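From first to last, the protein sequence lines stand for chains Y and V.
When the letters of the first sequence are read in order and numbered with my numbering, they come out as residues 75 to 486.
When the letters of the second sequence are read in order and numbered with my numbering, they come out as residues 75 to 486.
Treat the hints with caution; some may be incorrect.
In silico contact screen, one side only, chain V against chain Y (beta carbon under 7 Å); selected entries [said to hold, decoys possible]:
(1) 101
(2) 102
(3) 104
(4) 107
(5) 131
(6) 132
(7) 136
(8) 139
(9) 156
(10) 158
(11) 168
(12) 173
(13) 175
(14) 217
Cβ-Cβ distance ranges computed for the label pairs, FRET-style [claimed, not checked]:
(15) Y:241 / V:352: 50 to 60 Å
(16) V:189 / Y:403: 55 to 65 Å
(17) V:130 / Y:102: 21 to 31 Å
(18) Y:306 / V:408: 23 to 33 Å
Hints listed in this document are in silico derivations from the structure and should not be mistaken for laboratory results.
All values derive from a computational prediction rather than experimental measurement.
For every residue, glycine included, the Cβ atom is placed at its ideal position computed from N, Cα and C.
Number of protein chains: 2
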Amino acid sequence: MSILVQKFGGTSVATPEKIHQAARKVIAAHRAGYQVVVVVSAMGQTTDELIALARQVSAQPPKRELDQLLATGEQVTIALLAMAIAAQGQEAISFTGGQIGLVTDDVHCKARIRRIDQRRILKELRAGRVVIVAGFQGVTPAGAVTTLGRGGSNATLVALGAVLHAQACENYTDVDGIFTADPRLVPNARKIDRISYDEMLELSSVGAGVLQTRAVEFAKKYHVPIHVRNSAHHRPGTWIVAETKAMEDIAVSGCALKKDITRVTLKGIPDHPGVAARVFTAVAAEKVVVDDIIQTIADDHTATISFTVEHADVADLQPVVNRLTAQLGAVATYETDLARVSAVGVGMKQQTGVAGTMFGALARKKINIQNISTSEIHISCIVAKKDGPTALRAVHDAFGLGKKRPGLGSRF
Amino acid sequence: MSILVQKFGGTSVATPEKIHQAARKVIAAHRAGYQVVVVVSAMGQTTDELIALARQVSAQPPKRELDQLLATGEQVTIALLAMAIAAQGQEAISFTGGQIGLVTDDVHCKARIRRIDQRRILKELRAGRVVIVAGFQGVTPAGAVTTLGRGGSNATLVALGAVLHAQACENYTDVDGIFTADPRLVPNARKIDRISYDEMLELSSVGAGVLQTRAVEFAKKYHVPIHVRNSAHHRPGTWIVAETKAMEDIAVSGCALKKDITRVTLKGIPDHPGVAARVFTAVAAEKVVVDDIIQTIADDHTATISFTVEHADVADLQPVVNRLTAQLGAVATYETDLARVSAVGVGMKQQTGVAGTMFGALARKKINIQNISTSEIHISCIVAKKDGPTALRAVHDAFGLGKKRPGLGSRF
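Isolated chain Y, as found in the complex:
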């Protein structure tokens, strides 16, 4: 019997009615012959509400206690979904992360999954039950509750898909799938039918919000296909799968905008070997992701290092930067009004002229490019935050992503 792992995001379980709607999808999959494991997020805005409650109590809540608090959000949903499924006549059993032995490292609020004990889940599946697992959470080896960071429920989904050798993971959300760009910013954005893990990885890392980088990396590593689809209807969404030859015909599959980029610049650093390593080792210890690193040497033989981070990480970063500047005799500045627009596609590897098309599109809109970074399959430009949406639409149009092209919808 094949195992199907389904995930319902916060908006798909926001009310008792939506929980019953999710229960019907779960039972339909069970009746179709799957052994079904369901991962759920906290209902609606619960996580944000719990964070707001914590902030009312403490400006800087200890992260261990914040995790203890936030994990209750998913625990509420697993219990309610189990009740809904039982009320519809199907046996179901709920588990917290700790109860299925989902062990993480001990980096509170951003923990990484180390292992999952699949035996308990398999035992319940064999007994004919639907198994419901709290997403976004685990426990340290010592038993403290951890959370996996924003989007952690997707990490839970894919990790379960991997350890259970699931046939597929279904990620139910409130959108129809992965789009060529954010439809709220780009009205003619279109749904993509199939996309490769690598393209999705790049899209995630440059700001397409549906799936987090970690979840996709995991899915790629363990060959778990993910179907991102809308919980409000039955139409297929976007399949995230291994790359196929045919995908290379399309230079750019999607584009994305990351708002709220902050650029940190450290000036007056002594130009010694190993200084850059010292800076980024210290930053990495805070689990902050940095991009767009530039190092320049001034006439006075001091170095300037700049890099970008997400605005949300600045609070974590500041103590480290303060320590580094004090140690190195450097000065730090923060520029906050930046955004990053990116184009992603596996076809870039073969095709030429992609960068030129992108820069030309931005130039025609008189948008100044402040920094460029590239990989094999993406190009990103840092622009002023106010120019972000215009830049995204320009790039989307330049690669013809809004047009219904013959064969694109069913190119695999």
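Starting from the structure of chain Y, add chain V where the hints point.
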């Protein structure tokens, strides 16, 4: 160093401000030289709100899942209280029932504590931390979350007091202590300074809501003094302690009213030996407490058995009663408009005329007594529900409980 176990009930942690108020009391005890363990309930009406949420999803939620849901209420409070204590500069660490190895039986929603692993708590106390424990919850040996039933946080409080050999348990609540009667019903009710475990046991079992029978039984068994006091101020409340000789001078220490009593009557039962045992064994299997049992034999040699239960237990009881009536060929009736008024005092053991005083007081108010039950230290009368408050005031006055008597306030 002495250990003090404090408990803050739902109203004492209902808002972030009240949580900070509780944190100040905790820190004051820590600074006074105690090692402090704190048990907390869910904030305000959270438990009731979670039950209402469950009912929106299912008319009969599975009890395992209801426990999974309800336990989140206390988990929220422990995290927030730990944050508040940390924000006030004192190290604190929170634990769910499962995290401190509070193991119960597997009777969901009414679980009993089997054991607590005090090692983890003692380790944190020795490290100078305040330890915060979620009340009302535990885990089965297999790891499922259980709850201890209404008032279960008090069971947690006293159980921790016992295993940690605490000097005392402080039960912070929104009332000043134990009263001679419910002040909402009896305006001249007075706070009792000290009361024996046995008196408190009787008062709890006949309806005085502050402390549950189980918690007091535990405290008596393990010689844990309990101080019931108001979290809103610093004045002493009521100490619940071992009985002393001086207590016997007072015939009646307090009285109580239990509203919402249902009398179940089974008619037409074949009068065979063992039938009553069969009835009450079946009822006991549902963990329902019964009182006021009466058995009579009719002229046709069939038996009638009647007993009273709390109204809240009727839903659990009905399937059993239906099965019994079907098996025995009997007919069941339910009378719901009943109440029980009770007088309690260790002095009853020595003094005479207590029953007469009570019955006389009710007779003068023309209140019909439908049933009487007694123990060494209590007398209870079943009356019509509408007569309950009048009956309580009459009994309270008959024993002079509202009068400030010399020596009563400081008789120990």
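Here is how each hint holds up against the structure:
Against a cut-off of 7 Å between C-beta atoms, the interface hint on residue 101 (chain V) is violated, since the closest Cβ of chain Y lies about 14 Å away. The interface hint given for residue 102 (chain V) is violated, since its Cβ lies 18 Å from the closest Cβ of chain Y, which is over the 7 Å cut-off. Because the closest C-beta pair between residue 104 (chain V) and chain Y is about 17 Å apart, greater than 7 Å, the hint is violated. Hint status for residue 107 (chain V): violated, given a least beta-carbon distance of 25 Å to chain Y, over 7 Å.
Because the beta carbon of residue 131 (chain V) sits about 5 Å from the nearest beta carbon in chain Y, less than 7 Å, this interface hint is met. With a cut of 7 Å, the hint placing residue 132 (chain V) at the interface with chain Y holds, because the nearest CB-to-CB distance is about 4 Å. The restraint placing residue 136 (chain V) at the interface with chain Y holds, with a minimum CB-CB distance near 5 Å, inside the 7 Å limit. At a threshold of 7 Å, the smallest CB-CB gap from residue 139 (chain V) to chain Y is about 4 Å, leaving the interface hint in force.
Interface hint status for residue 156 (chain V): upheld, as the beta-carbon distance to the closest one in chain Y is roughly 4 Å, under 7 Å. Because the smallest distance between the Cβ of residue 158 (chain V) and any Cβ of chain Y comes to about 5 Å, under 7 Å, the interface hint for this residue holds. Checking residue 168 (chain V) against chain Y: minimum C-beta separation of about 5 Å stays under 7 Å; hint holds. Below 7 Å, beta-carbon pairs count as interface contacts, and residue 173 (chain V) has one with chain Y at about 6 Å; its hint therefore holds.
At its closest, the beta carbon of residue 175 (chain V) sits 9 Å from a beta carbon of chain Y; the interface hint therefore is violated under the 7 Å criterion. Checking residue 217 (chain V) against chain Y: minimum C-beta separation of about 6 Å stays under 7 Å; hint holds. Distance hint for residue 241 (chain Y) and residue 352 (chain V): a CB-CB separation of about 52 Å, consistent with the stated range 50 to 60 Å. With their beta carbons about 59 Å apart, residue 189 (chain V) and residue 403 (chain Y) fall inside the hinted range of 55 to 65 Å.
A C-beta distance of roughly 22 Å is found between residue 130 (chain V) and residue 102 (chain Y), which places it inside the suggested range of 21 to 31 Å. Taking 23 to 33 Å as the suggested C-beta distance range, the pair residue 306 (chain Y) and residue 408 (chain V) does not conform, at roughly 46 Å.
When held up to the earlier numbered hints, the structure conflicts with 1, 2, 3, 4, 13, 18 and fits the remainder.
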